[in-house]
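Student: Single-letter residue listing:
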Amino acid sequence: MSIRLESGGRLIDRSKPLGFTFDTNPMQGYAGDTLASALLGSGQVLVNRSYKYHRPRGIVASGAEEPNALVGLGQGGRFEPDQRATTTELFDGLIAMSQNAWPSLGFDAMAVNGWFSSMMPAGFYYKTFLWPRSFWKHVYEPVIRDAAASGLPPKEPDADLYEHFYAFVDVLIVGGGIAGLQAALVAGRAGARVLLIEQTAHWGGRAPVDGVEIDGQPADVWIADTIAALQAMENVTLRARCMGAGLYDHGFALGYERLSDHTPGDGRPRHRLWKIRAGRIVTATGAIERPLSFAGNDVPGVMLASAVRDYVVNFGVAPGRRTVVVTNNDDAYRTALVLIDAGLEVPAIVDVRERSDGPLARECVRRGVRAETGAAVMKVKGGKQVAGVMLCRANGTGGAGALLECDCVAMSGGWSPVVHLWSHCGGKLLWSDEYAHFYPDPSRAPTGADGAPFVSTAGAASGCMASGEVLADAAEKGAAAVGAAYSGDLPQTNDIEELPMQPVWVMPTGALPELRAKMFLDFQNDVKVSDVQLAAQEGYESVELTKRYTTLGMANDQGKLSNINGLAVLSQSLGEAIPQVGTTTFRPPYQPISFGSIAGEARGGTFQPLRRTPMHDWHEAAGAYLEPVGHWKRPYCYPKPGESHAEAVAREVKATRASLGMLDASTLGKIVVKGPDAGRFLDMLYTNKMSTLKPGRCRYGLMCNENGFLMDDGVVARLDDDTFLCHTTSGGADHVHGHMEDWLQCEWWDWKVWTVNLTEQYGQIAIVGPNARKLMESLGGMDVSKEALPFMGWVEGELAGFPVRVYRISFSGELSYEIAVPAGQARALWDAVLADGAAFGITPYGTEALHVMRAEKGFIMIGDETDGTVIPQDLGLDWAISKKKDDYLGKRAQERSFMTRDDRWKLVGLETLDGSVLPDGIYAVGEGENANGQRNTIGRVTSTYHSPTLGKGIAMGLVAHGPERMGEVLKFAATDGAMIEARIVDPVFYDPDGEKQNV
Amino acid sequence: MLILTCPYCGIHCDETELANGGEAHLKREGPGSSDDAFEAYLFDRDNPMGVHFERWRHANGCGKWFLAARDTVTMEVFGTYKAQSIEPPAEIVERIRAKRPDWEGRA
Chain A
128 MSIRLESGGR
138 LIDRSKPLGF
148 TFDTNPMQGY
158 AGDTLASALL
168 GSGQVLVNRS
178 YKYHRPRGIV
188 ASGAEEPNAL
198 VGLGQGGRFE
208 PDQRATTTEL
218 FDGLIAMSQN
228 AWPSLGFDAM
238 AVNGWFSSMM
248 PAGFYYKTFL
258 WPRSFWKHVY
268 EPVIRDAAAS
278 GLPPKEPDAD
288 LYEHFYAFVD
298 VLIVGGGIAG
308 LQAALVAGRA
318 GARVLLIEQT
328 AHWGGRAPVD
338 GVEIDGQPAD
348 VWIADTIAAL
358 QAMENVTLRA
368 RCMGAGLYDH
378 GFALGYERLS
388 DHTPGDGRPR
398 HRLWKIRAGR
408 IVTATGAIER
418 PLSFAGNDVP
428 GVMLASAVRD
438 YVVNFGVAPG
448 RRTVVVTNND
458 DAYRTALVLI
468 DAGLEVPAIV
478 DVRERSDGPL
488 ARECVRRGVR
498 AETGAAVMKV
508 KGGKQVAGVM
518 LCRANGTGGA
528 GALLECDCVA
538 MSGGWSPVVH
548 LWSHCGGKLL
558 WSDEYAHFYP
568 DPSRAPTGAD
578 GAPFVSTAGA
588 ASGCMASGEV
598 LADAAEKGAA
608 AVGAAYSGDL
618 PQTNDIEELP
628 MQPVWVMPTG
638 ALPELRAKMF
648 LDFQNDVKVS
658 DVQLAAQEGY
668 ESVELTKRYT
678 TLGMANDQGK
688 LSNINGLAVL
698 SQSLGEAIPQ
708 VGTTTFRPPY
718 QPISFGSIAG
728 EARGGTFQPL
738 RRTPMHDWHE
748 AAGAYLEPVG
758 HWKRPYCYPK
768 PGESHAEAVA
778 REVKATRASL
788 GMLDASTLGK
798 IVVKGPDAGR
808 FLDMLYTNKM
818 STLKPGRCRY
828 GLMCNENGFL
838 MDDGVVARLD
848 DDTFLCHTTS
858 GGADHVHGHM
868 EDWLQCEWWD
878 WKVWTVNLTE
888 QYGQIAIVGP
898 NARKLMESLG
908 GMDVSKEALP
918 FMGWVEGELA
928 GFPVRVYRIS
938 FSGELSYEIA
948 VPAGQARALW
958 DAVLADGAAF
968 GITPYGTEAL
978 HVMRAEKGFI
988 MIGDETDGTV
998 IPQDLGLDWA
1008 ISKKKDDYLG
1018 KRAQERSFMT
1028 RDDRWKLVGL
1038 ETLDGSVLPD
1048 GIYAVGEGEN
1058 ANGQRNTIGR
1068 VTSTYHSPTL
1078 GKGIAMGLVA
1088 HGPERMGEVL
1098 KFAATDGAMI
1108 EARIVDPVFY
1118 DPDGEKQNV
Chain B
5 MLILTCPYCG
15 IHCDETELAN
25 GGEAHLKREG
35 PGSSDDAFEA
45 YLFDRDNPMG
55 VHFERWRHAN
65 GCGKWFLAAR
75 DTVTMEVFGT
85 YKAQSIEPPA
95 EIVERIRAKR
105 PDWEGRA
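Note that the protein sequences, when read in sequence, are chains A and B. Numbering (this note's numbering) for the first sequence: 128 to 1126. Numbering (this note's numbering) for the second sequence: 5 to 111.
Wrong hints could be hidden among the right ones.
Unchecked claim - Incomplete in silico selection of chain B near chain A, CB under 10 Å: (1) Leu8; (2) Glu21; (3) Asn24; (4) Phe42; (5) Glu43; (6) Glu58; (7) Trp69; (8) Thr78.
What the hints assert, rightly or not - Here are the simulated PhoX-like pairs of lysine-lysine, each with C-alpha atoms no more than 20 Å apart in a straight line: (9) A:Lys879 to B:Lys103; (10) A:Lys1018 to A:Lys781; (11) A:Lys879 to B:Lys68; (12) B:Lys103 to B:Lys31; (13) A:Lys1123 to A:Lys913; (14) A:Lys645 to A:Lys511; (15) B:Lys31 to A:Lys1018; (16) A:Lys781 to A:Lys511; (17) A:Lys821 to A:Lys1011; (18) B:Lys31 to A:Lys801; (19) A:Lys645 to A:Lys508.
As the list claims (entries may be wrong) - Estimated spans, in silico, between C-beta atoms of each pair: (20) B:Thr20 to A:Ala514: 43 to 49 Å; (21) A:Ile725 to B:Ile90: 53 to 59 Å; (22) A:Asp994 to B:Cys13: 44 to 50 Å; (23) B:Lys86 to A:Phe1025: 56 to 62 Å; (24) A:Thr996 to B:Val77: 47 to 53 Å; (25) B:Lys31 to A:Arg395: 56 to 62 Å.
Hints listed in this document are in silico derivations from the structure and should not be mistaken for laboratory results. C-beta atoms are modelled at their ideal positions from N, C-alpha and C, and glycine is treated no differently.
Isolated chain A, as found in the complex (with noise of 0.2 Å):
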């Protein structure tokens, strides 16, 4: 059993004891801990369960590589799930609890599918679960979704913080240990802005567990001189607890900083993204221990041995009484020599090479460490802790061997830099035989605009091992970035020499299949030796699909322990060599970061930018039901004490057309094109010709885009000879606008035309109804007779006092004025005109009263009668496309031949015969069914809705041969299975000749 020590510690605040819970156990830790460390020094081993077998599964590493230890850290507004024990400090009052086990850790019911796992093999799922297809849904989903549940969801809403910061520096180094500190003296003793990130809250990374002495020093001086150093500097910048996440073209990298994690609640935002843009970047990333494969070597107990070393060292931590050192390398004798130091008991190291002879093996014997050279682990006995190893010969097959007790095994399999952030953006690797490892290439370092790279990477990470080699490697490296050799003098270390390791994948070399049953690869997800051996006999020899059918390196943790060894067993069962075989692609963020950092303070009402009309405030005041229309929101209507919106809906739209309604139009996009050709690039914009309407007079246009497709509609008002206003949808304003621009710069630069889009500098209010004229003329200033101001037509003037353009246009078939205001003024108009209507019983309306009204004159809206796919001639609107023009923006595009097919789906009326209303986007079957078994479909509805002027369901749709098909009855196909019959009917359901609009 793991148990906190006596003394030592280097981390750990002894005299400030903390209270946390697991699974609701009360325990205690110290000031400096991890929760991984803080369990373990409370004797909890067991930490967790495999996702598909749910294996018991304890602390492996202690760091980011973690795999197991995942639990469901905090309560309410700030639990949160998968939070790594090893990277999660420990505060006074933490609550973790386990994930993936029921109905307890100890006691897992989900645990027989581990008896089963020889019938779980690679590609379970996808071999087993084909048939029946409806089984999918209602059996197998469900069931193997609770099986392999990983944490839980939080079901409040984030109590937290989270923002977003951005910061530009010469040259950014990822990576606090002595590799990125030396760079970032280097840099910044030249004057470099540098800027010094870290992920954990230490600086210096493992030099100081490891034993490094530099300048004659422990590390740990000479780490606390450089941070003193650093930090003197004014252009040097350093931040730990703070990860680099990713890197992108250009310089661009991604911090992710983790404030409050640590002391959540004390009111600062909990993570801070970093959007950083760097002159060069260099990566100290240092390098990642990899586990070794032998059987068993997933029982909690058995971790990798720097973790265990880091745990005794920075903690005063012992994962177990008695450790067994597995090893094909000189490092993992540090750990010996550690646990001896601390008074533990070490039976025996097993290593795999058979000459061990080094200076740290011969320490390790002096102190009386029995050394097991040519010897492999044949497995591990133990099942929620480790019990004992059997020994074999490392090359034989793993024939009966002696039973070591232990309650710890430290593995040791050699070292991979971490290169993810060198990948991130195209950074290649070289494979080194000499440490079975990846590093990266210089030579095809990610370049950037320049053409230059921009990306460097310093000690571990660039594959060095010998802290002597890491420090003159990142002094090279940290004055590289600021365009400079390094010549000074380097700080002198304790280099202790070691032997080469020995690769070793599958451990023993020869072991037969029930062993290597039980080896496993990626500990999260389950991921053995054989199931990687099994999809390479299936044929799997790319890397990237055996990880997909393997899962392998899928899991949370993304391989960071199981890659390398993965790719080595299916290079070795392909006979390839592990650089033929290749990597997986590296995709940022290294490590998991949390939604609220990406999302940073765009949340709640700083969601979007949101767009106020000018009255807007009394659409609130008034209890409107708001809408988003684009980034506006608009009222959808005004519902009173006790009415349903489609009460409401139904008053606003009777009251309209009884008498008079108001709306605010304001949303309306309203461009200025204005120039001696702004007519000749009217007449290529829009489909019909503009350059004829005369000034004082308005033409409803409809615009292409070069596919032929309908992209927006509006009203055209011609203000004088070269000006003219161009109206378009609310939703639509900043898409024409740039579409004009883009053909103006980029197709047309010669022609004389200035566009300006005037949306927001103008109000506007529609005033609607029988009593429409009445009110104007109430409202008094300009004459609105018919001869004056007839439809379609336009005039300047003052009303009640207000400097006014008023149009005379309808979207609803009755008498209507759009008055356009300066917006500074609306509100007062606003306020005028309702004041005034009073009178009238004037009735303001929302958008759903807009578009009943619209649907019952047949009018069509963009977005819902088209979608991209639907061109003019389709929506009957032939009549407003020029055929005199020899050139418009979609008509070569309408020529093609299947736009002009006579079979194309065309807009018609459709009513149910029972009067109710069709369901929207609902389809019309026809006879026969198509390749797939479906019924043929010969149209759908696009618009529908209830009429309360007609007091039944009214809709539109595009139906083939629509238009030539009056009076038929379609079925239309429900959701639930049910036929619904609506007869084919003109579009226009009220006032078919127009005389209510123009009187």
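Position chain B against the provided structure of chain A, taking the given hints into account.
Tutor: Okay, now just chain B, sitting in the frame of chain A:
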């Protein structure tokens, strides 16, 4: 996250300030063009691994469209120039040829 220099306002634009407009130097085909020519104009686009010419708009800035010559693999930018250009400026073509001797020119 590219950085491109707007040739109008001179600002080094972060990609978030820009809107991409696809391949540059397309020749518009209108009424009277053959089906093949029109199809090519609408849909056929170069997608090279290497030298490429693109349309960008400084959308969250001065609003101008401009053109950029860059390498789609190495992210090297050979230059940006005004949208009112029938073809890439000679000095940019020279720069590309100097750095990419194998470049076969625009398709």
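Student: With a cut-off of 20 Å on the C-alpha distance, tell me whether Lys821 of chain A and Lys1011 of chain A pass.
Tutor: holds, 18 Å
Student: With 44 to 50 Å as the target window, see if Asp994 of chain A and Cys13 of chain B comply at their CB atoms.
Tutor: This hint is violated: roughly 37 Å between Cβ atoms.
Student: Hint says 56 to 62 Å; check whether the CB-CB distance for Lys31 of chain B and Arg395 of chain A agrees.
Tutor: Roughly 57 Å apart at Cβ, these two residues keep to the hinted range, so it holds.
Student: Take the shortest C-beta to C-beta distance between Glu43 of chain B and chain A; is it under 10 Å?
Tutor: holds, 9 Å
Student: Regarding the pair Lys879 of chain A and Lys103 of chain B, is the alpha-carbon distance no greater than 20 Å?
Tutor: Roughly 39 Å between the alpha carbons, so the hint for Lys879 of chain A and Lys103 of chain B is violated.
Student: Holds or violated: are the alpha carbons of Lys1123 of chain A and Lys913 of chain A at most 20 Å from each other?
Tutor: holds, 13 Å
Student: Answer holds if the nearest beta-carbon of chain A is closer than 10 Å to that of Glu58 of chain B; otherwise answer violated.
Tutor: At 12 Å from the nearest chain A Cβ, Glu58 of chain B fails the 10 Å test, so the hint is violated.
Student: Regarding the pair Lys1018 of chain A and Lys781 of chain A, is the alpha-carbon distance no greater than 20 Å?
Tutor: Roughly 41 Å between the alpha carbons, so the hint for Lys1018 of chain A and Lys781 of chain A is violated.
Student: Using the Cβ atoms, figure out if Ile725 of chain A sits within 53 to 59 Å of Ile90 of chain B.
Tutor: violated, 43 Å
Student: Measuring from the C-beta of Trp69 of chain B to each C-beta in chain A, is the shortest one below 10 Å?
Tutor: holds, 5 Å
Student: Going straight from one Cα to the other, do Lys879 of chain A and Lys68 of chain B come out at no more than 20 Å?
Tutor: holds, 16 Å
Student: Decide if the proposed pair is consistent with the structure: Lys31 of chain B and Lys1018 of chain A, CA atoms, cutoff 20 Å inclusive.
Tutor: holds, 16 Å
Of the hints listed earlier, those the structure fails to meet are numbers 2, 3, 6, 9, 10, 12, 16, 18, 20, 21, 22, 23 and 24, in rising order.
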